[in-house]
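Residue numbers (our numbering), protein chains in the order written: chain A, 1 to 318; chain B, 1 to 318; chain C, 1 to 318; chain D, 1 to 318.
Misleading hints may appear alongside valid ones.
Identical chains share a label here; the pair holds if one copy fits it or two copies do between them.
Here are the simulated EDC-like pairs of lysine to aspartate or glutamate, each with C-alpha atoms no more than 20 Å apart in a straight line [to be verified]: (1) Lys255 / Glu122; (2) Lys292 / Asp279; (3) Lys292 / Asp269.
It should be emphasised that the hints constitute simulated quantities derived from the structure, not laboratory data.
Number of protein chains: 4
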Amino acid sequence: MGDDERIARMTAVEPVMQIRLRPGMSVGELVEEMGRAGAYNGGALSRAAGIYEDMLRDDRTTRFFGLAGAMVPAGMGGIVADLIERGMIDVLVTTGANAVHDIVEGIGCTHLHGNIASTDNELRGMGLNRIYDVFLPDDAFLRLEEFLRDMLGDLPDRQVSISFLLRRIGEELAGGILATAARHSIPVYCPAIQDSILGLQIYLHSQSRPFILDACADMKELLDLCYAAERAGALLVGGGVPKNYILQSMLITPKGFDYAIQLTGDRPDLGGLSGATLDEARSWGKLSSDAKAVTVYGDATITLPLLVAAVLERLTHG
Amino acid sequence: MGDDERIARMTAVEPVMQIRLRPGMSVGELVEEMGRAGAYNGGALSRAAGIYEDMLRDDRTTRFFGLAGAMVPAGMGGIVADLIERGMIDVLVTTGANAVHDIVEGIGCTHLHGNIASTDNELRGMGLNRIYDVFLPDDAFLRLEEFLRDMLGDLPDRQVSISFLLRRIGEELAGGILATAARHSIPVYCPAIQDSILGLQIYLHSQSRPFILDACADMKELLDLCYAAERAGALLVGGGVPKNYILQSMLITPKGFDYAIQLTGDRPDLGGLSGATLDEARSWGKLSSDAKAVTVYGDATITLPLLVAAVLERLTHG
Amino acid sequence: MGDDERIARMTAVEPVMQIRLRPGMSVGELVEEMGRAGAYNGGALSRAAGIYEDMLRDDRTTRFFGLAGAMVPAGMGGIVADLIERGMIDVLVTTGANAVHDIVEGIGCTHLHGNIASTDNELRGMGLNRIYDVFLPDDAFLRLEEFLRDMLGDLPDRQVSISFLLRRIGEELAGGILATAARHSIPVYCPAIQDSILGLQIYLHSQSRPFILDACADMKELLDLCYAAERAGALLVGGGVPKNYILQSMLITPKGFDYAIQLTGDRPDLGGLSGATLDEARSWGKLSSDAKAVTVYGDATITLPLLVAAVLERLTHG
Amino acid sequence: MGDDERIARMTAVEPVMQIRLRPGMSVGELVEEMGRAGAYNGGALSRAAGIYEDMLRDDRTTRFFGLAGAMVPAGMGGIVADLIERGMIDVLVTTGANAVHDIVEGIGCTHLHGNIASTDNELRGMGLNRIYDVFLPDDAFLRLEEFLRDMLGDLPDRQVSISFLLRRIGEELAGGILATAARHSIPVYCPAIQDSILGLQIYLHSQSRPFILDACADMKELLDLCYAAERAGALLVGGGVPKNYILQSMLITPKGFDYAIQLTGDRPDLGGLSGATLDEARSWGKLSSDAKAVTVYGDATITLPLLVAAVLERLTHG
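Bound-form chain A, shown alone:
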């Protein structure tokens, strides 16, 4: 590199501004301040807001949303349902666990803030199932099983896809992610659905009826969606199956993702996909070579509400 280029490069960079906070400032203003500081994950979050805004403003873009982790028990499901309601998610990929906890709330049960003075064996005795500092009473699972038995009993006696099943479930629920997705005809894919209490109930149902859950049946619809996508963007909350399933979906087309945001608590050096950088995804062609992409490392119970509230503000006021 020549000296001129070097200097140009150096002078192009922006100064770090010391953050100034104001009482009553909006979330969008806070994230803007984080961007003026611009460093580490605070800077990344601000860049994520810019990319997510671009992705949502770009009408040619099919928006994928990946939801892993125990996000529904942590109250993050409301954000996802709201994004579907606002037309900001075109394809949702999630886990059996998030589906189960969404159904649990959709049939009227609630997760509880945990009081962790008790040991886990004591909680077991009290019929409380723990997810870090959230408790779910056994009763919720009894009601879930009852609901599923009834619901599955109404299904046709044939092979169905996972997204078909989740849509039918969503149609029966009062609110939540699956209910909102069903109402808006947004497909919900859940490749590892059998890795959840849903799986057991489906199995029990299939023992007495000629019912088959076809593992790969969703692939056709997903392929069609990918081929039809002029451009593609992904917001990935956590890693796991949703992250990989979304990123690999575009591999079957000549294109890669044009926008990608990852909110993860994992780390790259362990080699697992959940913590892998989005740059790594460029080597596979999962992201296009000039994709706008950023990873924000941290707990999504903080980064997701912050990101989405800031972007909603920009889209509304901007």
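Chain A is already provided as a structure; the job is to place chains B, C and D on it using the hints.
Then chains B, C and D, alone, in the frame of chain A:
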């Protein structure tokens, strides 16, 4: 608590011994030293060796092994195949990614130590797919697809279970996890198999043939295994689908796991199952109330070989 | 525990509310939503806001602030200076690195948002010193050395305390943490000051002059502050020397901290103090047995602005 | 890059070998297997062994050792003392905490393996101070204070350096790091010594006697050591003050470190020095541009004994 009990409790505790290393010491001796020190994850690893030894010596125990993360590209697949060969794994649950990379090696391709001076866009241009510091050339995927097309063409035209498919694949391979499992008739479950390149090939195959991969068909066999298990133990490498699928499997019986070891790089405070403590699993009844259980936090490319080499030494020399 | 108590305990717990975001909502409103969800680190952050609010409203409380990590280069110094300005910090403990970078900005140099397309050897060639994604040009250090030489030349020829030195430095600066602390007569302690470029300059100065930096001279003032404190609270950003120095300071009095908030990216299982839980500090008596305390795991470039903006809003509007 | 160069680059890379374990294998053999696998932190650990072996075999090299974290309470102090004994450490930099716990053991007290069924408030009542899963009884601190009062009483009434003080303490101890360092005249630097119980005792002593602990007095000796070093190498356990103090020490010479190994549980994306990559240190000139350097992420209670045992084996048998 009375003073007597308090004193008894205090005098029962062991002193921390400063570690002494000797040139040429065996891995088992090193892990023993770690146990005499006994603190943090070094102490946990030493306790894990004790629990794993007990679990392997206890003939009444059905041994589950969960393999998540990108462990095969990192050379950890050899340990798993060896444990199957030695009769130390009764049930294996893994991910589509580990299955794919195991097949890739089984058909004669190799993963490469990465030279990360290149950017990911450059790697893309060179046809190298990156997994942290491991590269897999595009060519491996071409050969994989060819292998799968041939193999799938020989399958019966009907619905099959995921474990049936993986066994048939294993029978065609020269070596590796699937090959060894097939040879020893060890079931390999892979609930999210469609979240991998396997899934796409299976879908393509099913387009021209009346072939269905039944998502829940493995449940019956797994339930039978769980009911038949007098006692149950689990070694969980990484979290993800394998961890949950294994732990939830015993929920359908009146029993929980009696032994459980978790090697994970995740952390509990993010709420995700991958980093959740094994104590949390007690509240769900996934572990029995008096289960011997320990979590070792760290990269499994270090903790898994260390743990297994130490336990093999104990079982052979002990 | 009897059934009644068990039920009381269960009914006392609050339900997890799914988060609802509104465009233009204030940071305080967002943190309130996080509290209604209440799980994982989002829940912890909301509890931290409650504790910090209580601590700032409680006039009997001496407020300690610990600043570790490379927070000034990341633009977080503005928040600390602002809190001093608002009278919300009584004692500041920080690191040599934060002091150095605060001086660098105070004499008019700026940190730059890094463009990480260059290798570190290339950056070296360009005279850019990297702190993750922040760059500081060599020139800043030349100007720093010049400033320090002049400033030290004006100091008395005798032994001085570290806080005396930092106050004198602050008096010479246009703005930033040290300048604001000096203006408001807030003591700044920095036990490991020699572990920074400051140390080298002080050493060089002491070679030609009878000048001694007395490592323990600040102890008397700190002890007096601790004994005088009716109640004590601490906001700890990162761990390191500031965290321990603050927490151990109250050990010399019969009291412990009554309020404590820790924002850290570390984790407890490695045994280091930086990631240690605040509960662990209760065993040492560093926290009083009924202290209100919470740890928020995550990057402080996100959690610190979020926490402080929310609490400023509560104090202003509440 | 031309095609030839591209191919050369690709063919130069080594294949990942699946790990093979043998009962009774030595630690050196295990680390060699990890190197043949070569991925993630297992691969990094094997490269660290190669670099540490080279550094120890290279007689022109001055070897620095940085010891942060609560390593002595975890039993890792024995490894450090042993390396000093074997002549493999020329300069040690550590924390006040490690010094305090080393003295505690040197005067005959012991740390205990913790039984964490008790809450921290209960431990407080029992006089047990907790460090994750290690307990230290209050009695140890009483004996420590008594020892220090006596020892300090014998010191000259003048200003002394921190390393002078630690050497005098080491001379009074039966065993451990400080004792071994004193016996072998290895300097121990501890910039933040006042951030520990030592600091308080020194302060109390200085109240009644004209005794000053000179914060910067060690700088001259350290500068001389750095200038005299033909080549320099560093093994850094944890980050904190020791890591920075060591790495910045060579900045005052025209040279940088030629070898550097970092064992850390931190992560780079938070911006803190403890988790910063060693590549970042190249931009500062702390490492020479062609330095051999590697970071192993993980708990040092696992990685340190593994690394050192493997290298001792190579040096003895190789």
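Item checked: Hints violated by the structure (numbers, ascending) -> none
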